[in-house]
Amino acid sequence: MRFVDEFRDAEKAHALAAKIASLCEPGRQYKLMEVCGGHTHTIYKHGLEDYLPETVTLVHGPGCPVCVIPMGRVDDAMHLAAQDDVIMTSFGDMMRVPGSNGSFFDAKALGTDIRMVYSPLDSLKIARQNPDRRVVFMAIGFETTAPSTAMTVLRAAAEGLKNFSVFCNHVTIIPAIKAILDSPDLRLDGFIGPGHVSTVIGCRPYEFIARDYGKPVVVAGFEPLDILQSIYMLMLQLAEGRSVVENQYARVVPWDGNPTALKAIGSVMELRPYFEWRGLGFISHSALRMREAYAAFDAEGLFQVPGVRVADPKACQCGEVLKGVLKPWECKVFGTACTPETPIGTCMVSPEGACAAYYNFGRLRRQRVQEVTIS
Amino acid sequence: MTGHSGAPASPGATAGPGITASPGTTASPGINTSSGTTTGADTTTGPGITASPGATTGPGATTGPGATTSPDTTTGPGGTAGPGGTTGPRDFAGTGASGMPGTEAGLPQAAGWVEDALRDHHRHGSSAPPAPAVRADTAPDREQQVLDRIDRARRRRPRVKEERITMSHGSGGKATRTLVEAVFLDAFRNPLLEPLEDAAQLNMDGARLAFTTDSYVVSPLFFPGGDIGDLAVNGTVNDLAVAGATPLYLSAGFILEEGFPVADLSRIVASMTAAADRAGVEVVTGDTKVVQKGKADGCYINTAGVGLVGQNVHLGVANARPGDAVIVSGPIGDHGVTIMLARGELDIEADICSDTAPLSGLAADLLAATSGVRALRDATRGGVATILNEVASAAGVSVVVSEDDIPVRTEVRGASELLGIDPLYVACEGRLVAIVDGGEAEQALAAMRAHPLGQQAAIIGTVAADPPGIVLLKTTFGGTRIVDLLVGDPLPRIC
Amino acid sequence: MCLGIPGEVIEFLPDQPDLARVNVSGVRRVINVGLLCDELPKPGEWVLIHVGFALSKIDEDEAKAALDFLESIGQAYADELAALQESRIE
Numbered sequence: 001m002r003f004v005d006e007f008r009d010a011e012k013a014h015a016l017a018a019k020i021a022s023l024c025e026p027g028r029q030y031k032l033m034e035v036c037g038g039h040t041h042t043i044y045k046h047g048l049e050d051y052l053p054e055t056v057t058l059v060h061g062p063g064c065p066v067c068v069i070p071m072g073r074v075d076d077a078m079h080l081a082a083q084d085d086v087i088m089t090s091f092g093d094m095m096r097v098p099g100s101n102g103s104f105f106d107a108k109a110l111g112t113d114i115r116m117v118y119s120p121l122d123s124l125k126i127a128r129q130n131p132d133r134r135v136v137f138m139a140i141g142f143e144t145t146a147p148s149t150a151m152t153v154l155r156a157a158a159e160g161l162k163n164f165s166v167f168c169n170h171v172t173i174i175p176a177i178k179a180i181l182d183s184p185d186l187r188l189d190g191f192i193g194p195g196h197v198s199t200v201i202g203c204r205p206y207e208f209i210a211r212d213y214g215k216p217v218v219v220a221g222f223e224p225l226d227i228l229q230s231i232y233m234l235m236l237q238l239a240e241g242r243s244v245v246e247n248q249y250a251r252v253v254p255w256d257g258n259p260t261a262l263k264a265i266g267s268v269m270e271l272r273p274y275f276e277w278r279g280l281g282f283i284s285h286s287a288l289r290m291r292e293a294y295a296a297f298d299a300e301g302l303f304q305v306p307g308v309r310v311a312d313p314k315a316c317q318c319g320e321v322l323k324g325v326l327k328p329w330e331c332k333v334f335g336t337a338c339t340p341e342t343p344i345g346t347c348m349v350s351p352e353g354a355c356a357a358y359y360n361f362g363r364l365r366r367q368r369v370q371e372v373t374i375s
Numbered sequence: 001m002t003g004h005s006g007a008p009a010s011p012g013a014t015a016g017p018g019i020t021a022s023p024g025t026t027a028s029p030g031i032n033t034s035s036g037t038t039t040g041a042d043t044t045t046g047p048g049i050t051a052s053p054g055a056t057t058g059p060g061a062t063t064g065p066g067a068t069t070s071p072d073t074t075t076g077p078g079g080t081a082g083p084g085g086t087t088g089p090r091d092f093a094g095t096g097a098s099g100m101p102g103t104e105a106g107l108p109q110a111a112g113w114v115e116d117a118l119r120d121h122h123r124h125g126s127s128a129p130p131a132p133a134v135r136a137d138t139a140p141d142r143e144q145q146v147l148d149r150i151d152r153a154r155r156r157r158p159r160v161k162e163e164r165i166t167m168s169h170g171s172g173g174k175a176t177r178t179l180v181e182a183v184f185l186d187a188f189r190n191p192l193l194e195p196l197e198d199a200a201q202l203n204m205d206g207a208r209l210a211f212t213t214d215s216y217v218v219s220p221l222f223f224p225g226g227d228i229g230d231l232a233v234n235g236t237v238n239d240l241a242v243a244g245a246t247p248l249y250l251s252a253g254f255i256l257e258e259g260f261p262v263a264d265l266s267r268i269v270a271s272m273t274a275a276a277d278r279a280g281v282e283v284v285t286g287d288t289k290v291v292q293k294g295k296a297d298g299c300y301i302n303t304a305g306v307g308l309v310g311q312n313v314h315l316g317v318a319n320a321r322p323g324d325a326v327i328v329s330g331p332i333g334d335h336g337v338t339i340m341l342a343r344g345e346l347d348i349e350a351d352i353c354s355d356t357a358p359l360s361g362l363a364a365d366l367l368a369a370t371s372g373v374r375a376l377r378d379a380t381r382g383g384v385a386t387i388l389n390e391v392a393s394a395a396g397v398s399v400v401v402s403e404d405d406i407p408v409r410t411e412v413r414g415a416s417e418l419l420g421i422d423p424l425y426v427a428c429e430g431r432l433v434a435i436v437d438g439g440e441a442e443q444a445l446a447a448m449r450a451h452p453l454g455q456q457a458a459i460i461g462t463v464a465a466d467p468p469g470i471v472l473l474k475t476t477f478g479g480t481r482i483v484d485l486l487v488g489d490p491l492p493r494i495c
Numbered sequence: 001m002c003l004g005i006p007g008e009v010i011e012f013l014p015d016q017p018d019l020a021r022v023n024v025s026g027v028r029r030v031i032n033v034g035l036l037c038d039e040l041p042k043p044g045e046w047v048l049i050h051v052g053f054a055l056s057k058i059d060e061d062e063a064k065a066a067l068d069f070l071e072s073i074g075q076a077y078a079d080e081l082a083a084l085q086e087s088r089i090e
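Protein chains in written order, with the numbering used here: chain L, 1 to 375; chain C, 1 to 495; chain A, 1 to 90.
Okay, chain L solo, but in the shape it has when bound:
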């Protein structure tokens, strides 16, 4: 596969690993955060940590838009799905996320009409094909996905569709990063910056991290070599005492982002004054909702969702995992009461949640890994 395979070349990985190691100051520990859940997934899926020296640790960040949805919002979505004439449409990622009373999957088992879609456009198609039903699209994702939702709404408006609406749970990445930076619990040396979010917002929004907090940022692609190269670039900055934003993923990410996409978001959506993030609490101006002009497509307005807040379960430490304060295995219920089969928290359910990634892919001590791979 072009633009994929070339970035999975093992030899080059060894070369990068050697270079990373050579930049490590003796006795110094390095903590780099990959913000993006997709990066966490790649790191575990390709065993990237095997390539890093012991002194370089990767800390997993909150860039998993499914992981940060609080239970109350899941309950709201379930309420929408339960309406008689509603067809709920959702990405696969959301299907198993549990609310107070089960997940979409469980509701489906009870007969609720919930359908998995690959694109919001598929949801629109279902709306066209079912004029007597109301179709709701569960919109999740960071700025990567918001433009697609926005474009779909614009299309629906242009077609005069009367039975399509969006339950908007889009969140924005910068406030989450800021929350991490301001956390007293965490001392990070640098950031592996989100890749696909940056195709939309560009690289400028991260400048405050380098400028005001003095932490280098490298916007990274998703193939293993992309991530290794980004780590190398971060280590180089650290070794040279620089802190700037660099773009490793320049083949895809334009420095100024995608103005059309930003405009689409801006015309259809606006920032909410505040939004609750699972485990991180309320963060101001961190999520999107439909604008008044598009109220006809706003499920929250059309359906009166309960909007009840549900406390994060006491035993669930997703919040700390999302902040990078805890590693997945340090959560008290990791792997025992909370497994992919019986998840308690979102980090275990979401395909790019740190806990799911670690449990499914990485759950093995490095030493044993060396023993196995050498043979």
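No lab work stands behind these hints: they were computed from the structure. Where hints are given, some of them may not hold.
With a straight-line Cα cutoff of 16 Å, these simulated EDC-like cross-link-like pairs (lysine to aspartate or glutamate) come out [as the list claims (entries may be wrong)]:
id	chain 1	residue 1	chain 2	residue 2
1	L	Lys327	C	Asp120
2	A	Lys64	L	Glu6
3	L	Lys19	A	Glu80
4	C	Lys161	C	Glu115
5	C	Lys293	C	Glu257
6	L	Lys45	C	Glu162
7	L	Lys108	C	Glu163
8	L	Lys19	A	Glu60
9	C	Lys289	C	Glu258
10	C	Lys161	C	Glu181
11	A	Lys64	L	Asp5
12	L	Lys162	L	Asp298
13	L	Lys19	L	Asp298
14	A	Lys64	L	Asp9
15	L	Lys19	L	Asp50
16	L	Lys31	L	Glu49
17	L	Lys108	L	Asp84
18	L	Lys45	C	Asp422
19	L	Lys45	L	Asp84
20	C	Lys295	C	Glu345
21	L	Lys125	C	Glu143
22	L	Lys263	A	Asp38
23	L	Lys125	C	Glu345
24	L	Lys108	C	Glu162
25	L	Lys19	A	Glu71
26	L	Lys45	C	Glu258
27	L	Lys45	C	Glu403
28	L	Lys19	L	Glu54
29	C	Lys161	C	Asp120
30	C	Lys161	C	Glu143
31	C	Lys289	C	Glu257
32	L	Lys45	C	Asp404
33	L	Lys327	C	Asp141
34	L	Lys327	L	Glu49
35	A	Lys42	A	Glu60
Following the hints, complete the assembly by docking chains C and A onto the known chain L.
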């Protein structure tokens, strides 16, 4: 999304529609394109959040999450957290958290099922309660302790926690296995059922028989490469073939939906006839039922099959031992991806078709070529990954496979990447996985490649001693990861 | 949020300027290219696909630059290894 950078939110008010967060806030600058000028020092946009010490941002700053690590989150069940929950505006030292739901409106609800789940877990689990917060050990040791605890948890007696059957229970993954072990095996328990192989091995008056059953509920009924009839015959034949048996006789029970076109039924039956001829079996008994419109998705087929097992054949996944080779008979994932695309929901076109085929000939050739075959399995739902896990857990060994060596058609790979699923978990319907004595691997491979259905056979890995019960994959990239069972079907992901 | 796949633009749909057919390793899907309307991709160009939309064009020059960098690192590494080997022979 452009901002009104000249219109800061006024003190005390929440940002209204059309107005972006006041400049200098940390709302995605990419969206509000504000230019970083700060307004007054009010902190009441949003819920009374204070900037954490040392932060350089202005009004409307996000909270330092240090405020949210209240003691609640670090205790286990029975911790001292009150029902106020672990997050929320009460956790932030703030001035006038205005306009936020839940601040004055009372305490948020709690999801009771979590507490129930934890109580349940401790009641039924044999593992020790969660480790205390004191971290006396060094990090690697502690991690190992946790991993050991997880190991014990995984080996516990399976229990079905759900009250209702979900689609996961039918996917061939963890949920299926738990259901089979906890409900069926538990009730029917007998030595013939215990091995849970694809076919039961019966001894009747000195004759060794393999006996299997299957149900076919695929939708759509007709797809590129075959139809439900092909699957019904081939699938049953294959379950017998991997038991080392010569498949002989099949039964075919039909459950038909009222309104189902007879022409379609005839088409399906014609496929079955052709498939049976090809496989050298006969359908010798059957049954027909009709159910009301709305049930049975058109047509469901149940089969049973019997075959004769040669005297010297003793196959079983529990026989695998360190040093054995893992061989797959051809490219994986064809069938599952074909079905996914054929359902038409994903709007993807590709020239992929189902690999449904009878493997009895291939299996027979393999068994004739070498006596070193420990086990055979056909990779159906759950994919090759499921089989590898079955080997690892039945034999208490580790299975290590190499991503580079696993054959996958380009289009299957493309579709999988597009959907975010892993071909290792995708169903096949005409592929064998063979566990063969390491010393006989080359011979086995040659025998398979000589057969039309095994031309692209490949050695994909080996069996090792350690870590037992785990399947490992050496990635193209050189790293290593675990290939665990998925809970249910691999779901397409966007993230 | 993150799953974006590179695909090659094959053709535009006749009466729908927003829609293009792309090829990902032999798999074809129609996607919406409306987000790239300022600089529509031409057949043969590559785009990044996410949930049925093209988010960005893949800049082949940048891709080449990235690969060249990796090559150079790889070569430097290979050279170093070779040098290491040679020095041991003595």
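We went through each hint and held it up to the structure:
1. L/Lys327 with C/Asp120: Violated, at about 25 Å.
2. A/Lys64 with L/Glu6: holds (10 Å)
3. L/Lys19 with A/Glu80: The hint holds at about 12 Å.
4. C/Lys161 with C/Glu115: Holds - the C-alpha atoms of C/Glu115 and C/Lys161 are around 14 Å apart, at most 16 Å.
5. C/Lys293 with C/Glu257: holds (6 Å)
6. L/Lys45 with C/Glu162: Roughly 29 Å between the alpha carbons, so the hint for L/Lys45 and C/Glu162 is violated.
7. L/Lys108 with C/Glu163: holds (13 Å)
8. L/Lys19 with A/Glu60: With Cα atoms ~26 Å apart, L/Lys19 and A/Glu60 exceed 16 Å; violated.
9. C/Lys289 with C/Glu258: Cα-Cα ~10 Å, so holds.
10. C/Lys161 with C/Glu181: holds (13 Å)
11. A/Lys64 with L/Asp5: Roughly 13 Å between the alpha carbons, so the hint for A/Lys64 and L/Asp5 holds.
12. L/Lys162 with L/Asp298: holds (11 Å)
13. L/Lys19 with L/Asp298: Violated. L/Lys19 to L/Asp298 sits at ~51 Å, over the 16 Å cutoff.
14. A/Lys64 with L/Asp9: The hint holds at about 15 Å.
15. L/Lys19 with L/Asp50: holds (15 Å)
16. L/Lys31 with L/Glu49: OK: L/Lys31 and L/Glu49 at ~13 Å, within 16 Å.
17. L/Lys108 with L/Asp84: holds (13 Å)
18. L/Lys45 with C/Asp422: Since the Cα atoms of L/Lys45 and C/Asp422 sit roughly 11 Å apart, the hinted pair holds (cutoff 16 Å).
19. L/Lys45 with L/Asp84: violated (41 Å)
20. C/Lys295 with C/Glu345: violated (21 Å)
21. L/Lys125 with C/Glu143: violated (48 Å)
22. L/Lys263 with A/Asp38: holds (12 Å)
23. L/Lys125 with C/Glu345: The hint holds at about 10 Å.
24. L/Lys108 with C/Glu162: Given pair L/Lys108, C/Glu162 holds - Cα atoms ~13 Å apart, limit 16 Å.
25. L/Lys19 with A/Glu71: The hint holds at about 14 Å.
26. L/Lys45 with C/Glu258: violated (47 Å)
27. L/Lys45 with C/Glu403: holds (11 Å)
28. L/Lys19 with L/Glu54: holds (14 Å)
29. C/Lys161 with C/Asp120: OK: C/Lys161 and C/Asp120 at ~9 Å, within 16 Å.
30. C/Lys161 with C/Glu143: violated (27 Å)
31. C/Lys289 with C/Glu257: Status holds; Cα separation ~9 Å.
32. L/Lys45 with C/Asp404: Status holds; Cα separation ~14 Å.
33. L/Lys327 with C/Asp141: holds (14 Å)
34. L/Lys327 with L/Glu49: Given that 16 Å is the threshold and the Cα spacing comes to 14 Å, the pair holds.
35. A/Lys42 with A/Glu60: OK: A/Lys42 and A/Glu60 at ~13 Å, within 16 Å.
Of the numbered hints given earlier, the model fails hints 1, 6, 8, 13, 19, 20, 21, 26 and 30; all others are met.
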